[in-house]
Every structure is written in C-alpha cells, then in structure tokens.
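Those protein sequences? They're chains W and D, same order as listed. FYI, in this note's numbering the residues of the first sequence are 1 to 239. FYI, in this note's numbering the residues of the second sequence are 1 to 213.
Note that these hints are calculated values from the structure, not bench results. One or more hints might be untrue.
[What the hints assert, rightly or not] Cut-off 20 Å, straight-line C-alpha distance, at most; resulting in silico cross-link-like pairs (DMTMM-like, lysine to aspartate or glutamate): (1) K157(D) <-> D219(W); (2) K82(D) <-> D118(D); (3) K2(W) <-> D178(W); (4) K164(D) <-> D137(D); (5) K157(D) <-> E215(W); (6) K2(W) <-> D88(W).
[To be verified] If you anchor each label on the Cβ, the simulated ranges turn out as follows: (7) D170(D) <-> N185(W): 31 to 39 Å; (8) E56(D) <-> A82(W): 54 to 62 Å; (9) A207(D) <-> D30(W): 35 to 43 Å; (10) D88(W) <-> P154(D): 51 to 59 Å; (11) D30(W) <-> D118(D): 46 to 54 Å; (12) E15(W) <-> R55(D): 39 to 47 Å; (13) E51(W) <-> K164(D): 42 to 50 Å.
Every residue, glycine too, gets a C-beta built ideally from N, C-alpha and C.
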Amino acid sequence: MKQRIEWRPADTLPERREVLLLQGIPAGVDPSGRIISIVESATAIYLETAEPRALVADISQDAFARVYHGEGSNAPVTPVEAIAPRADALALFVATVGAGVTDRIRTLFAQNEPALAVMLDAVASTAADRLTHLLAVRHAAATGGADGQGRLTLGYSPGYCGWHVSGQRALFAYLQADAIGVTLNASCLMDPLKSVSGVLAAGPADIHRFLPGYEFCADCRNRTCLGRAKTWSVPAASE
Amino acid sequence: MSLLSDIAVSLQRGEDEQVALLVRQALDEGQEAAVILHDGLIAGMGVVGEQFREREIFLPDVLLAARAMYAGLALLKPLLAKEGVPTAGTVVIGSVRGDLHDIGKNLVGIMLAGAGFDVVDLGNDVAPERFVDAACDHGASVIGLSALLTTTMPVMKDVVELVKARGLQDRVKVIVGGAPVSDAWARQIGADAYGYDAASAVERVRALVRTPA
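With the rest of the complex left out, here is chain W:
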C-alpha cells in the first residue's frame, strides 16, 4: 500500500536545542539574545514556506533486497542487510519539507544574510530529519506495536551506514517519488535539497542493535545510530 502524507509545518518543527546543536551550540549553553532572535526569524520563515509531505509504500523482503542492492555500490558488509531480513515489516519512504524553504535559503545568501540563511538551513535540515521520525512512529503504530513496548521502527537512508547513495535510484523508481515533487539529479541527490529517503524497518527492538564496527564506521563521526531508540511524542498527520 502506498500513502501520501502531508503535515502542517508547525507539526514538523524541530526543537530549538536540535537546531542550535547543528549550529555548534551545545546543550547547556545559553545562546545570546541575537542568536535567539535569528532562530526565531528562521523558524518564522520555515513556518511560512515549508510544505512537508511524504510518500510511504510497504515493500516485501525480496523486493527490498533488490532495491537495497541498487547499483551494487554498497559497502561489502552493512547493518541494513542484517536488520531488514529480521524486520516484521518494511516500507520505503521519501519525505520533503518542500522547495520553498530551499529557495528562501538561496535568496538569503544572495542578500548577504548568511547567519539567517544558515540558521534556516539548520531548521530545515532538522525538520527533514524529524519527518523520518514522524514516519517511523506512524509505521510502528500501523504494524502492530507502539515504540517502547519492545518493538521499534527506525529509518535507514542511502548515503549512510554503507548504503550507497546511488541506491536512491531504485528506491525512487519503486516509489515514483516525483508524485510529491521530489526528484534525483545525476549524482543521486534529491531536489528539493531538504528531503530524506530510506527504508522503515519495524520489529523487535533487538534487530536494530549493531556495533559501529563496520569498515565505514571508522570514518564516520555520526553516532546517532547508537542513540535512536527514543520514544517520540508526535501529532497525527492529516492524509
């Protein structure tokens, strides 16, 4: 089953601390008044310009194995190829906060407003990441068990954990993602820029556990893979 999901921008707004963290301001540091003012301006622009939406489609184990293989460029051994076969349910997704935000970021740079442009970029990036979490929560509810009850749905994306970014071609072909206005360029990057894609894997929480001992982990400074088992409190999406 394929679903189109739309959210109100306010429902996808990230927490301020996440935005500040992306700007290099750690939790526990009180940002100055002018930084808060920039965050508030960026948030207001996001609320005005974002059009968050997603496509989600269930996929069988066999079909996902073909999508995941993509163009054969993945790392030799990856966590997703171990997680997916143990999942009870899989779904591919593409989600975006829309082109309006990216356009405004470009305009702000052109108008010599780099601080606001980069802050809006951070708001949009964290909002795009939040879409994956919102979809994961929906998927968990739809596949017979809420998070926190020994089951967990997490999203995994091309470009990370050894899943080569070229894998997005097969993913996009399966989803027909242009239906929500998201396309791939020749390098397999998404347009609009602030978009996310990947697979949602639902099942016992244990299936998601892996140690960052893969070859590519040595170069990766992202350790969110180890701390994603959170319970998210999110509003329902309108469909």
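Using the hints provided, position chain D relative to the given structure of chain W.
Using the frame of chain W, we list chain D on its own:
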C-alpha cells in the same frame, strides 16, 4: 581607539551598517583601501576566527561578522582592483560530487574571504573536472574539498588524481575537510593538507600558498 580598530571591533560585533559607515569614513580621511582591508576588516575577522576556535562565540556570530565584513569589502573591492592590490591568493572550494552538505564549506569560504583570499565557491555536488577546470580558469593555487558522507569521500581522491594527471600538482594544492575526513585520510589520498575546522583550514591554506612550488 583608531578608526581602523573601530572597524575591527564593529565587525566583531556584526554591525554591518556601522562597518560600512566607518570604512567610508576611513576612505574619506585618505586611508588606503589595502590598509583598511588588512588592519580593519581582516584584523577583525582574525579575532572572530580566534574566538570561534576557542568556542567563545558560535557559528551565527561568525556569520554576522561575515555579513559586516562583506558590507565593508563591497566598498573596498573596486578600489583594491583599481590600485592593483594583490589578494592573499585564490581558492576554489566546493562539496564533492554526491554530497549536498555545505554549511562547513560555506564557513570555510567566509573565513578564507575574511583572511583576504579570493574564494570561488562552486557549491555542492561538484564533479572533479569542475574543481580542476575552475582552478585553471581562476588561477587558483588551492582547491578546497568538503565531504560529509563516508560514501562521498572517495571523490576527493578522484580530484587529487585529476590534478596530478593534468600535471598541476606543483601549482595547485588540494586541502580536504569535513566531518568524516581526517589527516590520515588526507595523507592516504595524497592531498596536500587537511583542515580540521574552518580556522585551521585558513591556516593550512596560508601555509600552502606560502609553500614554494
């Protein structure tokens, strides 16, 4: 405080209109554009870079200072060109093919401009050929490569190899940076330098430009 110090301090505070006002005032008083650039704007950005490195200020503060610097630079650039004042050098920067992350790269560009370099920013998802072609077209002595994905890091090696294949390695140096990139990776692919962060990237580029061919 002298007018040039005032410019530097206003820049550190991110006061773009005040910086433009003071730069105009300095020009009216007969200060040379090159002196205003070096002792006012670049000096101010130098302090900003140092404060950023010491975590006394954060990225938005740096970007506000950059906006103020550009406000002053806009007044000076035509005069600097007219007087034939050389820049610190030209650097081509971009995020490598397949990588769309560019905040770090943008910051490096801002800090390099603040240090007096001409910066040619090719944006993100840049093919190796574009980096090398742009370096030739703009007479750049340094190419700065950014990657945030482990899956796009190998493209950095493609650029280094292309520079060598075209026989440019003596006059075009390559510096790499980005979250997954390390000094060891830079050495492994034959890059000339690694920038841990924006401030260190500026130092490394300065060193590369000083290194005789």
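Results of checking the hints against the structure:
1. At most 20 Å may separate the alpha-carbon atoms for a hinted pair to count; K157(D) and D219(W) meet this at roughly 15 Å.
2. Restraint check: the Cα-Cα separation between K82(D) and D118(D) comes to about 16 Å, which is no more than 20 Å; the hinted pair holds.
3. Using a Cα cut-off of 20 Å, the hinted pair K2(W) and D178(W) holds, with the two alpha carbons roughly 14 Å apart.
4. Under the criterion of a C-alpha separation no larger than 20 Å, the hint pairing K164(D) with D137(D) is consistent with the structure, at around 17 Å.
5. Our distance criterion of 20 Å between C-alpha atoms is met by K157(D) and E215(W), whose separation comes to about 18 Å.
6. At roughly 18 Å between alpha-carbon atoms, K2(W) and D88(W) fall within 20 Å of each other, so this suggested pair holds.
7. As the Cβ distance of D170(D) to N185(W) is approximately 34 Å, the hint placing it in 31 to 39 Å holds.
8. For E56(D) and A82(W), the Cβ-Cβ distance of about 45 Å falls outside the hinted range of 54 to 62 Å, so the restraint is violated.
9. In this structure the supplied range 35 to 43 Å holds for A207(D) paired with D30(W), their Cβ-Cβ distance being about 37 Å.
10. One distance hint, 51 to 59 Å for the beta-carbon pair D88(W) and P154(D), is violated here, with the actual separation near 35 Å.
11. The hinted range of 46 to 54 Å is not satisfied by D30(W) and D118(D), whose Cβ atoms lie roughly 38 Å apart.
12. Taking the beta carbon of each, E15(W) and R55(D) are about 22 Å apart, not inside 39 to 47 Å as hinted.
13. Separated by about 46 Å at the C-beta atoms, E51(W) and K164(D) satisfy the suggested range of 42 to 50 Å.
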